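> Note that the protein sequences, when read in sequence, are chains S and P. Numbered per my numbering, the first sequence spans residues 1 to 319. Numbered per my numbering, the second sequence spans residues 1 to 319.
Don't take every hint at face value.
The list treats identical chains as one, so a pair stands whether inside a single copy or across any two.
[As the list claims (entries may be wrong)] Distance condition first, Cα-Cα at most 27 Å in a straight line; then the derived DSS-like pairs of lysine-lysine:
#: 1; residue 1: 216; residue 2: 60
#: 2; residue 1: 60; residue 2: 43
#: 3; residue 1: 305; residue 2: 96
#: 4; residue 1: 313; residue 2: 194
#: 5; residue 1: 194; residue 2: 298
#: 6; residue 1: 229; residue 2: 216
#: 7; residue 1: 144; residue 2: 298
#: 8; residue 1: 43; residue 2: 216
#: 9; residue 1: 229; residue 2: 96
#: 10; residue 1: 246; residue 2: 194
#: 11; residue 1: 194; residue 2: 305
Worth flagging that the hints you see were computed from the coordinates, not collected in a lab. Please read these numbers as outputs of a predicted model, since none were measured by experiment.
Number of protein chains: 2
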Amino acid sequence: MRRIDVAQAAELIKQQSRILILTHRNPDGDTLGSAFALMHAAKKLGITAKVFCCDVIPEKYSYMYCSEDFGELSDAYVITVDVADNKLLGSGEIEKYKDRVSLCIDHHISNREYAENLLLRDCAAACEIIYDVILALGVEIDCKIADCLYTGISTDTGCFMFSNVSDRTHLIAADLITNGANITDINRIMFETKSMGYFMLEAAALQTVETMLDGKCAVMTITKEMMAKTGTCESDCDGIAGIPRKIEGVLVAATIRERDDNTFKVSLRSHAPVDSAKICLKLGGGGHARAAGCEIRKDYFEEDKAKLLSAIKEELESI
Amino acid sequence: MRRIDVAQAAELIKQQSRILILTHRNPDGDTLGSAFALMHAAKKLGITAKVFCCDVIPEKYSYMYCSEDFGELSDAYVITVDVADNKLLGSGEIEKYKDRVSLCIDHHISNREYAENLLLRDCAAACEIIYDVILALGVEIDCKIADCLYTGISTDTGCFMFSNVSDRTHLIAADLITNGANITDINRIMFETKSMGYFMLEAAALQTVETMLDGKCAVMTITKEMMAKTGTCESDCDGIAGIPRKIEGVLVAATIRERDDNTFKVSLRSHAPVDSAKICLKLGGGGHARAAGCEIRKDYFEEDKAKLLSAIKEELESI
Numbered sequence: 001m002r003r004i005d006v007a008q009a010a011e012l013i014k015q016q017s018r019i020l021i022l023t024h025r026n027p028d029g030d031t032l033g034s035a036f037a038l039m040h041a042a043k044k045l046g047i048t049a050k051v052f053c054c055d056v057i058p059e060k061y062s063y064m065y066c067s068e069d070f071g072e073l074s075d076a077y078v079i080t081v082d083v084a085d086n087k088l089l090g091s092g093e094i095e096k097y098k099d100r101v102s103l104c105i106d107h108h109i110s111n112r113e114y115a116e117n118l119l120l121r122d123c124a125a126a127c128e129i130i131y132d133v134i135l136a137l138g139v140e141i142d143c144k145i146a147d148c149l150y151t152g153i154s155t156d157t158g159c160f161m162f163s164n165v166s167d168r169t170h171l172i173a174a175d176l177i178t179n180g181a182n183i184t185d186i187n188r189i190m191f192e193t194k195s196m197g198y199f200m201l202e203a204a205a206l207q208t209v210e211t212m213l214d215g216k217c218a219v220m221t222i223t224k225e226m227m228a229k230t231g232t233c234e235s236d237c238d239g240i241a242g243i244p245r246k247i248e249g250v251l252v253a254a255t256i257r258e259r260d261d262n263t264f265k266v267s268l269r270s271h272a273p274v275d276s277a278k279i280c281l282k283l284g285g286g287g288h289a290r291a292a293g294c295e296i297r298k299d300y301f302e303e304d305k306a307k308l309l310s311a312i313k314e315e316l317e318s319i
Numbered sequence: 001m002r003r004i005d006v007a008q009a010a011e012l013i014k015q016q017s018r019i020l021i022l023t024h025r026n027p028d029g030d031t032l033g034s035a036f037a038l039m040h041a042a043k044k045l046g047i048t049a050k051v052f053c054c055d056v057i058p059e060k061y062s063y064m065y066c067s068e069d070f071g072e073l074s075d076a077y078v079i080t081v082d083v084a085d086n087k088l089l090g091s092g093e094i095e096k097y098k099d100r101v102s103l104c105i106d107h108h109i110s111n112r113e114y115a116e117n118l119l120l121r122d123c124a125a126a127c128e129i130i131y132d133v134i135l136a137l138g139v140e141i142d143c144k145i146a147d148c149l150y151t152g153i154s155t156d157t158g159c160f161m162f163s164n165v166s167d168r169t170h171l172i173a174a175d176l177i178t179n180g181a182n183i184t185d186i187n188r189i190m191f192e193t194k195s196m197g198y199f200m201l202e203a204a205a206l207q208t209v210e211t212m213l214d215g216k217c218a219v220m221t222i223t224k225e226m227m228a229k230t231g232t233c234e235s236d237c238d239g240i241a242g243i244p245r246k247i248e249g250v251l252v253a254a255t256i257r258e259r260d261d262n263t264f265k266v267s268l269r270s271h272a273p274v275d276s277a278k279i280c281l282k283l284g285g286g287g288h289a290r291a292a293g294c295e296i297r298k299d300y301f302e303e304d305k306a307k308l309l310s311a312i313k314e315e316l317e318s319i
């Protein structure tokens, strides 16, 4: 599939009268911020636009949209945002769009190029690309669009803490604040408010942390029982996955989470120069250099876990 | 004392051949980043400059300076940075400078104006002001200065998370990155590195959290046994005290920590408009509106704790 630049993507969007923007499953701040920012911008150009996702959008993102903004749209030009692989759209009604994606806007190294592709791998967040696309569309960034884009940029960078942050990330943040992004409320919602269940899950998960490979690798386990006891869900686990990397001396941290479907989800987080994506690729997964994921089969748990640890060991030895 | 602007402050500094820059006691990233950035800039103008502080500088800030940069300097023009009150310089050798401060560069609302004052209360960090002063001095920002300024700005804003952040904060951060600030290492050292003991203490303490008063108040307990088991110290507890305030719905959180003498230290943290200082005053303590402290006696534990909870209840009812 053809690679295109920001100007070409904006040109393609301008030619449409109806667009449907799809996010990845288990939607996070970046995929949702990208989708709703682009939707608001398209509407300002008179384009009919909606956002669709296979999962329910977590309540905390509700400031981004109204209920009529969400849903399917017939005969529309289909755009995915922050979706590295069309498999990541998930299942259900959304599956019919999998082979009908016209434009993919993404920043993942692991992108599978399943559509016309605006792929900028140096961007910390897909929202950085959407910011450029919106400017190329000639749409003024209002406070609603600014809120959406700020959400994606702040959440995908751990509030400007991760190594993916560039000078441009901060320049865009400055412009979004100038244009009215409500960073006080967004930061409080995204980073300063956790449910009691989240904290209890964190406490339980931390008790399972083991360090290995000279303290350079930490492994944490989250069981279904822990999640049931604390009343937490998958998105709570995403936040927790970043914690064991913070342990002094740890270069790579794996969080192994039991799922309903006979698999364990592995979330890998690393410090430079350890390449998480490279490790996860060896187990059929993928992602970014500092945050990637793969799967472990329940029936082959010990075997797959050993494979994971050996991939980690290899990467640690290569740096 | 006279209030001056950035250009005037730069002019005063340029006239000197020797400057001594003082930080506040228990130095943090902002006072140290301000001091060493200004010191490096002054040296580039041929001015002899040193930084002095009553306390030992924590090891994690060592990338900012060499050992000969730290110490007293005779016959020097004395500047304080991020020091709201000359009492905050602390005690010991530094005391002789208390009444010899010529220039104070600060951003605190509570500043006591004890010298010629470059006071910009809208700045999130003193380092934002120092950035302007360095530009006004005509000094180019190199990677060393950028590291110092980025440290102050990032630590005083909780890595761009607090409500004191403005568009200017991000614009300055962008420029510092452009000029070579090593944000990956600095963010890792300041925000992403905790001892395993710290995490284990956090996990144990979280297990003790109880919420009360309609979920608006959380109480967490840290015992001597927990600290002994995890090998942690008092400063680890300071970090943990902020956590229960993050629980959804909690307006005020009390962390009760067992001490070696016959007392428990209470650390109170609140969200606006709950006044922590007002609550702690009723138990003979004090502090700031959002972070305050008091004591509970071990021999009268239940009695004192009830008094604390009733003071919290009164404050919650009054808002």
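> It remains to establish, for every hint, whether it holds in the given structure.
Hints, one by one, checked against the model:
1. 216 with 60: Classified as between; 20 Å across copies, 35 Å inside a copy.
2. 60 with 43: Close inside one copy (23 Å), not across copies (50 Å); limit 27 Å.
3. 305 with 96: Answer is neither; intra-copy 34 Å and inter-copy 61 Å both fail.
4. 313 with 194: Cα proximity of residue 313 and residue 194: across copies only (23 Å, versus 34 Å in one copy).
5. 194 with 298: neither (30 Å within a copy, 32 Å between copies)
6. 229 with 216: between (31 Å within a copy, 22 Å between copies)
7. 144 with 298: Result: close neither inside a copy nor across copies, 44 Å intra and 50 Å inter.
8. 43 with 216: Neither: 49 Å inside a chain and 40 Å across chains, both beyond 27 Å.
9. 229 with 96: neither (36 Å within a copy, 55 Å between copies)
10. 246 with 194: Classified as both: same-chain Cα gap 19 Å, cross-chain 6 Å, threshold 27 Å.
11. 194 with 305: between (30 Å within a copy, 26 Å between copies)
Violated hints, listed in ascending order, are 3, 5, 7, 8 and 9; each of the other numbered hints is respected by the structure.
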